[in-house]
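**Student:** Position chains B and C against the provided structure of chain A, taking the given hints into account.
Residue numbers (our numbering), protein chains in the order written: chain A, 3 to 109; chain B, 813 to 966; chain C, 417 to 704.
Here are the simulated SDA-like pairs of lysine to any residue, each with C-alpha atoms no more than 25 Å apart in a straight line:
(1) K515(C) - I544(C)
(2) K51(A) - I937(B)
(3) K99(A) - D840(B)
(4) K51(A) - R853(B)
(5) K586(C) - S529(C)
Don't read these hints as lab results, they were simulated from the structure. Since this is a predicted model, take the numbers as computed values, not measurements.
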Amino acid sequence: MSIQTLIDLPPSIMRGALIRIRVSISHPMETGYRRSSEGERLSRNIIKKFSCMLNGDLIFSADLYPAISANPYLSFQHRAARSGELTFLWEGDGGFKHVERVIMSVQ
Amino acid sequence: MTTQPLRSQTAPSKDAQFTLPDHSPDADRPLASSYEDAIKRFRGPRILIPGRIKLNIAVLIDNGNTVPISIAVIPTPHSLSNIESIAVFSERNPQHEVIRLTVEPGHSSTEVASRIRLATSQKLIAIANFEDNTCCSDEVDVIVTLAACLEGEG
Amino acid sequence: MISLGLRGSLRCRLSRILIQRDSFKWHALMAVFLTCVFSCSQAQTVHSLPTAKPQDARLSGFEFMGESTRALQLDASQNPAMLSVREGEQLWSARIGSKQAACQDCHGNANESMRGIASRYPAWDGAIKRPVSLSHRINLCRSRYLGMDQSLIEGPATLALEAYLALQSKADRITSVDDPNVLPWLENGHRLFEKRIGQIALSCADCHEHRAGSRLGASVIPQAHPTAYPVYRLQWQSLGALSRRIRGCFSGIRAELPEPYSDPMVSLELYLRQRAAGMPHEGPGVRP
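If we strip away everything but chain A, and leave its shape as in the complex, we get:
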């Protein structure tokens, strides 16, 4: 399937509020431990790093390991101080790189 993401932010954000940001991305997160029906080991293919930036500044990141389920889901919080552009970056095995950008308006 083509890469799909779900990004969830509150509809309206007041300055100073602690908001929850939730993200999912479609990815098999192949552990590297499984074998095919022919007995061959399926090589590892996971997302290793997730980063969230606000106007270019890193605000949150996560190191993911094979123990993270397929279609990895992350939820974290952010104290909204100013409006700006949120950038979400996923990187992983095989040169996997996916970026999503979302404008966050803070009142």
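**Tutor:** Just chains B and C now, kept in the frame of chain A:
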């Protein structure tokens, strides 16, 4: 009924004013040899203060392939320090590392969540390192059951 | 259960009186009598066409799963099936094939034209003269009208479109099967549901009818109502149609797998739909 549209979504900006960090996929993440070793290395020399965080997970899990977990800071009068990073380690998975979450200085997060895989019934520990150089942990014992029917590749 | 009519018991007593002097004949007569009795009791186990169960006896698989799994399904920003729904939404308007046509060219907005579609399938296809699942129907449509390669049976694009269409059926009631054309397949589906198959020699009914609510290993056995398909199964860590779930069961009891879109497959899907008639569709759901 359409899908819920993304809130605040816009077209990607053409001129990024910064370069994205480059994390080359390599062996810069050595794995711990044991559960205790993983905990010790993440904690470092920090003082362990009991309480302060809670690892939320169902005690009896529907399926070990996708297990929702969350780690929350329990607000206390003494704890005003922000979380620096949280790590989760598994006792009996093939690798002990599960996830490591880092909150940058100046930013705060009191609850994080994800979905993980658990190979079997085991202990799971969440350790939080705080900006004031303390840390705390919460450990749970979970029961993981196998699906009753073993399916092929159908 | 042996039913002894009054006539039967009289006959028994008379025959004992008449042949008291010849015990061999008496034994032979008893053998014949008992054979008749057992034949009658066998005849009583042949089932007639299914009648609707009382509404309150039927429970969706949703009710059998843990709270955290239920929470996953109910939250659209967490439900992993929604990733496929988003892809389906994009495919709905994507131009493909030699004619560069899209689903929406004929069907317009899916939230209007496809309302309740998943609760009405499997349904009769007049061109190939047999009932088809929603997945099959999507494939037939895309190959007939969009020039899509038919070899992509049950491929990821079909599944994503099926997920998108299933969302249009959320909260609609699964409809009863009333098309006389499909009756032979419905009857076949009922028969298959009751038939013991595979090395382990179990029928669908053995688990999902007679033992629903009890445990197989540590898993609670659900009633097998197709109220949330295509479903993101935690065990698969991916989305799957009802046919995938059925094949999983066949595999689990070590029976030969029915081919995609085959008669046995669509017969079972049709029977499961009839069995669940009146229950609400949950949209694409999550199951353990």
